[in-house]
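Residue numbers (my numbering): 88 to 382.
To be clear, the hints were calculated from the coordinates, so they are not data collected in a lab. Take the hints with a grain of salt, since some may be wrong.
Said to hold, decoys possible - As a list, the in silico BS3-like pairs of lysine-lysine whose alpha-carbon atoms are at most 25 Å apart:
| hint | residue 1 | residue 2 |
| --- | --- | --- |
| 1 | LYS133 | LYS122 |
| 2 | LYS133 | LYS121 |
| 3 | LYS224 | LYS238 |
| 4 | LYS234 | LYS224 |
| 5 | LYS224 | LYS121 |
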Amino acid sequence: MSMDIIPQEGAEMGVLVEGFVAAEATADDIAALKKTVYEQKILVFKNQNLSPREFLDLGRRFGEPTVYYEPIYHHPEHKEIFVSSNLDTDGKPGVPKTGRFWHSDYMFTPAPYSLTFIYPQVVPKQNRGTYFIDLGKAYQRLPDDLKAAIKDTWCWHSARRHVKIRPSDVYRPIGEVIDEIENATPPTRHPTVFTHPVTGEPTLYLSQAGTYRIDDKDGTELPAELLQRLFEAVGQQDPEFRHENIHLQTFTEGDLLLWDNRSLTHHALHSAKPEPAASFRVTVYDGLPYLGEPA
88 MSMDIIPQEG AEMGVLVEGF VAAEATADDI AALKKTVYEQ KILVFKNQNL
138 SPREFLDLGR RFGEPTVYYE PIYHHPEHKE IFVSSNLDTD GKPGVPKTGR
188 FWHSDYMFTP APYSLTFIYP QVVPKQNRGT YFIDLGKAYQ RLPDDLKAAI
238 KDTWCWHSAR RHVKIRPSDV YRPIGEVIDE IENATPPTRH PTVFTHPVTG
288 EPTLYLSQAG TYRIDDKDGT ELPAELLQRL FEAVGQQDPE FRHENIHLQT
338 FTEGDLLLWD NRSLTHHALH SAKPEPAASF RVTVYDGLPY LGEPA
C-alpha cells in the first residue's frame, strides 16, 4: 500500500495521511512527512494500530524523544510517553482536563519541543478534538501598529498558571506551591516574533496559559495591555472559539496526530459532560534551532 498525503477538505491547515504503515516507512517517507508537517502544520495519520513501543519508535524517526518533568504523566513502561487520561489505572486516578488552555508544549523551558505526536487511546463518543492557531498566519494578520509595537520584544513564559494541583498539595499555601513550580521550571524568555528555521516565516511565540510578561529589546517591562491586545488579536480571548485564526482538528479511533509545535498554539476540546478519554503523547527535538532567529 502506498502512502498518500491528502488535503483536509474545507480546512485552512492540516492534511490526512492515508496508507501509512510505520514498520514499512522508508527514510524517504519520513523525510516527506517532516517536510509536510512544517508546511501544513498538522498531519493526521489514518487507521493506525501501534503498540506503545511502536508509537515511541515512530517518534524516534522524527527526532529525539523527550521525557516530561512530572512523573505522574509517565507511561509505566516508556517514560518518554506522556499519558493524558481521566481514567483510573491500577488504582491510581488519571489527570482530567489536561491541556484545556492555550499553550505550546513546554513553552516555559529554554528549549521547547519541536514536534508533537498525539495518539488517542480512548475516544469519547461525543465530539472531541483540539483547537489550533497557526501563529505564523496570525502574525501576518496583525495590524501594522501592533506589529510595530512588538518589534524586537521578548516574552516571558512560566508553568505557574497551568500546572495541576495534586492531591498532596491540598492545604499547602499557594505561594509555596508556586515557588516549587518555578524552582523546577524557572521562567524563561523567548523572542515575541521569531523566524521559523524551516519555512523562514515570521511567527509569533506566545500563549495565554504560559506567557505573562513582554519586554522591550533592553529588558524593560512593557504595559500588560500590549500582551492582552496580542491575545485578543490572534484569537486566544475568544470563549466561543469562532475567531478566524482558530482551527478545530477532530479525530476518530485509529487516528494519530503530528504537529509543528513551533508554529502552533493549541487548546484541548473536552466534552461538556465528562466521558472516558485517554491519549498518548510523544514530543521530540528535530535537531534544528528551536525558534531560529528573532524576526
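A quick look at each hint next to the structure:
no.: 1; hint: LYS133 x LYS122; result: holds, 18 Å
no.: 2; hint: LYS133 x LYS121; result: holds, 17 Å
no.: 3; hint: LYS224 x LYS238; result: holds, 17 Å
no.: 4; hint: LYS234 x LYS224; result: holds, 13 Å
no.: 5; hint: LYS224 x LYS121; result: holds, 20 Å
The earlier numbered hints are all upheld by this structure, with none contradicted.
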